[in-house]
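Participant: Could you slot chain B onto chain A? The hints should help.
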Amino acid sequence: MVLTRDFFFQAGQMLLVLLLSPLLTGFVRKVKARLLRREGPPLLQPYRDLTRLTRKEVVLAQNASWLFRVTPYIIFAGTWVAAALVPTFRSGLLFSWTADLIAIIALLGSARFFLALAGLDIGTSFGGIGASREVMIASLAEPAMLMIIFTLALIAGSTQLSAMAAFMLSSQVGLRVSLGLALLALIMVAIAENARIPVDNPATHLELTMVHEAMVLEYSGRHLALIDLTSELKLLLYVSLISCLFVPWGIAAPGAGAQSIAIGVATYVAKLAAGGVLLALFETTIAKMRVFRVPEFLGVALMLGLLAALLRFVSGSL
Amino acid sequence: MAVYALYGVAALLALAPIAVALSMSSRASSVIYGASLIVTFALGLIGLKSLFVPAASIAALPLGVPWLGAHFRIDALAAFFIIVVNLGGASASLFALGYGRHEETPERVLPFYPIYLAAMNLVVLADDAFSFLVSWEFMSLTSWALVIAHHRDRENMRAGYVYLLMASFGTLALLLAFGLLAGNNGNYVFDAIRATHPATALSAMVLILVLVGAGSKAGIVPLHAWLPLAHPAAPSHVSALMSGVMTKVAVYGFVRIIFDLLGPPAWWWSMAVLAVGGITAVMGVLYALMQHDLKRLLAYHTVENIGIIYIGLGLALAFKAQGMAVAAALALTAGLFHVFNHSVFKSLLFFGAGSVLNATGERDMEHLGGLIHRMPQTAFVFLVGCVAISALPPLNGFVSEWLTFQAILLSPQLPSWGLKLLVPAVGALLALSAALAAACFVKAFGVTFLGRPRTPAAADARETDSNSLAAMFALAALCFVAGILPGIFIDALAPVTHALLGVSMPHQSGLNWLTIVPIAESRSSYNGLLVFIFVTLSGSIAAFAIHRLASDKLRRGPAWDCGYPDISPATQYTASSFAQPIRRVYGTAVFRVREIGEMPPPGSISPARLTVELRDLIWDALYAPVADAIGFATERINILQFLTIRRYLSLVFAALVFLLLVLAIWS
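Those protein sequence lines, which keep their order, are chains A and B.
Take 1 as the starting number for the first sequence in the working numbering and just add one per residue.
Take 1 as the starting number for the second sequence in the working numbering and just add one per residue.
Chain A with its partners taken away, still in its complex shape:
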């Protein structure tokens, strides 16, 4: 009985993240448009885009290999599994012990590995430029992320997300310098990982500064739909991750009743909305930076993460 209920929650979270992620992207676009005094696309536009793309035929380049065709499924599956393992409305899910935070980030790394390979598969210069820049950004963002994980894991005494969220909820945490530095670094990494302004512009095409969009330029139809859905899932994953680690209030504890679950879902949606508004605000107030400024931006994130980890190693109370 308990097992079936736990299974139900795990499946529920998988569906929830899948269904909510296009909405989050639509919401960010809408808020951004309103901030610029434009009407903006309707909230549900990403869903329509996805269904339209899945109905269209795939136009595949003549020399595309099998790797190009399976990559959308691989990256979607990897990202979906990762997103399903981050606590959203309830912690201690059935399979939460399958992968800790390091493994979740590495799973996203696997997805990126295949996407970058797909960018090189057709042998066009756009695909190459996107892939080479993507791995450059990742080569800085991943170590920064690991330093953040080190800091948080040392504070919480665990790399298990459910245990970390539970620790952050307890009174043992207090205000710490290292936590603040880690939060700042995590936000910078999240912006870079999701190809948002100022690192990359999700709304451009045909611009030499673009990264993610250049890499997936050759995709069409259902493949493109999956890749778009994957990026939307990834955005949701990072917002969930930040909220689960730094604003864990409202997450239902394992074994909690229906009421706390309802509170959990409601606060989760509220947190996503708040995250979306903050992202839109940030993106409208800042300009896109040149690609070769990105290493400096991420270098700062890496240094902040390293500093936070060092503080934590040196003293238990910082």
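Do not take every clue at face value.
Claimed, not checked - Per label pair, the in silico range of CB-to-CB distance:
| # | chain 1 | residue 1 | chain 2 | residue 2 | range |
| --- | --- | --- | --- | --- | --- |
| 1 | A | Glu-57 | B | Phe-480 | 33 to 39 Å |
| 2 | B | Pro-625 | A | Arg-69 | 51 to 57 Å |
| 3 | A | Arg-69 | B | Gly-361 | 29 to 35 Å |
| 4 | A | Val-314 | B | Gly-631 | 46 to 52 Å |
| 5 | A | Val-70 | B | Gly-361 | 27 to 33 Å |
| 6 | B | Val-612 | A | Ala-11 | 39 to 45 Å |
| 7 | B | Ala-570 | A | Val-173 | 53 to 59 Å |
Stated by the list, open to error - Derived lysine to aspartate or glutamate pairs resembling DMTMM-like cross-links, with alpha carbons at most 25 Å apart:
| # | chain 1 | residue 1 | chain 2 | residue 2 |
| --- | --- | --- | --- | --- |
| 8 | A | Lys-56 | A | Glu-213 |
| 9 | A | Lys-32 | A | Asp-228 |
| 10 | A | Lys-30 | A | Glu-213 |
| 11 | A | Lys-30 | A | Asp-228 |
| 12 | A | Lys-56 | B | Asp-561 |
| 13 | A | Lys-288 | A | Glu-39 |
| 14 | B | Lys-49 | B | Asp-191 |
| 15 | A | Lys-32 | A | Asp-49 |
| 16 | A | Lys-288 | B | Asp-561 |
| 17 | A | Lys-56 | B | Asp-552 |
| 18 | B | Lys-49 | B | Asp-260 |
| 19 | A | Lys-288 | A | Asp-228 |
| 20 | B | Lys-553 | A | Glu-213 |
| 21 | A | Lys-288 | A | Glu-213 |
| 22 | B | Lys-553 | A | Asp-49 |
| 23 | A | Lys-30 | A | Asp-49 |
| 24 | A | Lys-32 | A | Glu-213 |
| 25 | B | Lys-49 | B | Asp-491 |
| 26 | A | Lys-56 | A | Asp-228 |
| 27 | B | Lys-553 | A | Glu-39 |
| 28 | B | Lys-553 | A | Asp-228 |
In case anyone wonders, no lab produced these hints; they're calculated from the structure.
Built from N, CA and C at the ideal position, the CB exists for glycine as well.
Facilitator: Same frame as chain A, now just chain B:
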């Protein structure tokens, strides 16, 4: 068991004269590689069997120095490395059954190959300093002979020369280390060395000598310079052995002396090992990113992975010195598991590179491309190797790095301040090297196998033979198994850590769903099997749902490329253009990269040129001055070669008087 292992070694040694006798026969390579395959497989089984036997098995032979004899022994540590050596040896022999047929000069490869395998086994089996060093030298010399097998290539001869120098230097350091360990009484048998603990200052000297001696063979920075020259120069199955196995034998030497023979460690030893490991990991991968020769890129990645292994060993030393035995067991398990993993995927990758070399005659990635269409099976297994070495789940490279990270997360409990500051920095270096390795293998796989063929040789490539494919598929399967079911492998390492540290990691195999839990479930756990199942399942669900509910139509057309498709495959991203952003970020500091663009004047039709200058600062700062000094000294001493007989005799007389004086003063 030790006796049986020696029979196996003797069988391998006996193959060498057979190879010489058969050298004119066309079937020589099948006979030698087939026999090597059988013998190494048997040796591997012996290793596997003795891993779980608690008592060490001893054998002594009346060879070598008269009063010493030759001692051999298999304990848990030796058994583990016997498995690693012979797994690599067996797969290389299987691969060579196909690959070796294309060898132009088999008579220069076949006699040395079985001796090389035997020597590596003997290093691991040796139980006294004399047999250890003799086997070590045999290993160096036979691999040197294999490096210069294709001696008409000038580059190979230079590689062989540098390798020979570095190998002698390393052996010299090990010789001195054993001299210090043996003490005044000359206890060269390992059991006697174990019983006496040298003074602190002496042990520090031994540590440094072993770090230099075994490290130069393993390829730690800055003693790595020979490795990327020598490993690619050998035939590919030998490259795989050198990179995948011989570097591990060097790690074995380090572990045997430092963890087993030298007695209790001081805490600061670990600082030296950790610093060396961190720097080696990052420098190795940065060098690799700048390469466009596929085999040389792989050789530099060996340097990187040796760094990761040394980080694990350094952490184990730190924990051991502070008496935190459980944490030490975790760190040592992580390091040794990475030893196993690296030997598997690096052999696989070198086999892949060898198959490409065979099919196209090219090692330079800038002349390859599009091989996934022409060599689909090689491409698949090479991809598996790339994912594994990039430490990506759910394959095996990730598990050992994950364990290393878990060990790092235990280190704030270490009391010493130096380690508190060093360990997070080393953790950052490890994370950086993992991320850069992924970037490097996107480049290696993407430029070699994806895109459009850049030369006719790449366009006309043919899939490699079935023996080579069998070897590669076996190793790829092992990458999967070790990644998905790591608990079995961690448990298999338990006797080794138990023998060296007195404790081992908690038993893993009995846990729910084969999860691995290094310390406690509330702290961290990872389940490769479930991750693999979940990813496969959700990918299949997505594919099924989309093909069922939406369109599954597909049309082939020309590439879109924003409406301006390039006609020439030369416009694709190359290896060096792919690495350009990373070169800009890291290269200016590490390699003093200078990019010089030459634009033709207006109206001129000469092409514009971009020249990239890289400087190897380690070579410039360390090797070049030494080489200069030696050159200078030899020029000066050269006059001694042209003396008259009278002068020679007076020199001899002077030397004699000098030595007698020394003796007189000494006593």
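Participant: All hints, please: hold or fail.
Facilitator: So, going through the hints one by one against the coordinates:
no.: 1; hint: Glu-57/A with Phe-480/B: 33 to 39 Å; result: holds, 35 Å
no.: 2; hint: Pro-625/B with Arg-69/A: 51 to 57 Å; result: holds, 54 Å
no.: 3; hint: Arg-69/A with Gly-361/B: 29 to 35 Å; result: holds, 30 Å
no.: 4; hint: Val-314/A with Gly-631/B: 46 to 52 Å; result: holds, 48 Å
no.: 5; hint: Val-70/A with Gly-361/B: 27 to 33 Å; result: holds, 30 Å
no.: 6; hint: Val-612/B with Ala-11/A: 39 to 45 Å; result: violated, 53 Å
no.: 7; hint: Ala-570/B with Val-173/A: 53 to 59 Å; result: holds, 57 Å
no.: 8; hint: Lys-56/A with Glu-213/A; result: holds, 19 Å
no.: 9; hint: Lys-32/A with Asp-228/A; result: holds, 19 Å
no.: 10; hint: Lys-30/A with Glu-213/A; result: holds, 20 Å
no.: 11; hint: Lys-30/A with Asp-228/A; result: holds, 17 Å
no.: 12; hint: Lys-56/A with Asp-561/B; result: holds, 19 Å
no.: 13; hint: Lys-288/A with Glu-39/A; result: holds, 22 Å
no.: 14; hint: Lys-49/B with Asp-191/B; result: holds, 23 Å
no.: 15; hint: Lys-32/A with Asp-49/A; result: holds, 18 Å
no.: 16; hint: Lys-288/A with Asp-561/B; result: holds, 24 Å
no.: 17; hint: Lys-56/A with Asp-552/B; result: holds, 9 Å
no.: 18; hint: Lys-49/B with Asp-260/B; result: holds, 22 Å
no.: 19; hint: Lys-288/A with Asp-228/A; result: holds, 21 Å
no.: 20; hint: Lys-553/B with Glu-213/A; result: holds, 24 Å
no.: 21; hint: Lys-288/A with Glu-213/A; result: holds, 15 Å
no.: 22; hint: Lys-553/B with Asp-49/A; result: holds, 18 Å
no.: 23; hint: Lys-30/A with Asp-49/A; result: holds, 15 Å
no.: 24; hint: Lys-32/A with Glu-213/A; result: holds, 19 Å
no.: 25; hint: Lys-49/B with Asp-491/B; result: holds, 14 Å
no.: 26; hint: Lys-56/A with Asp-228/A; result: holds, 15 Å
no.: 27; hint: Lys-553/B with Glu-39/A; result: violated, 35 Å
no.: 28; hint: Lys-553/B with Asp-228/A; result: holds, 19 Å
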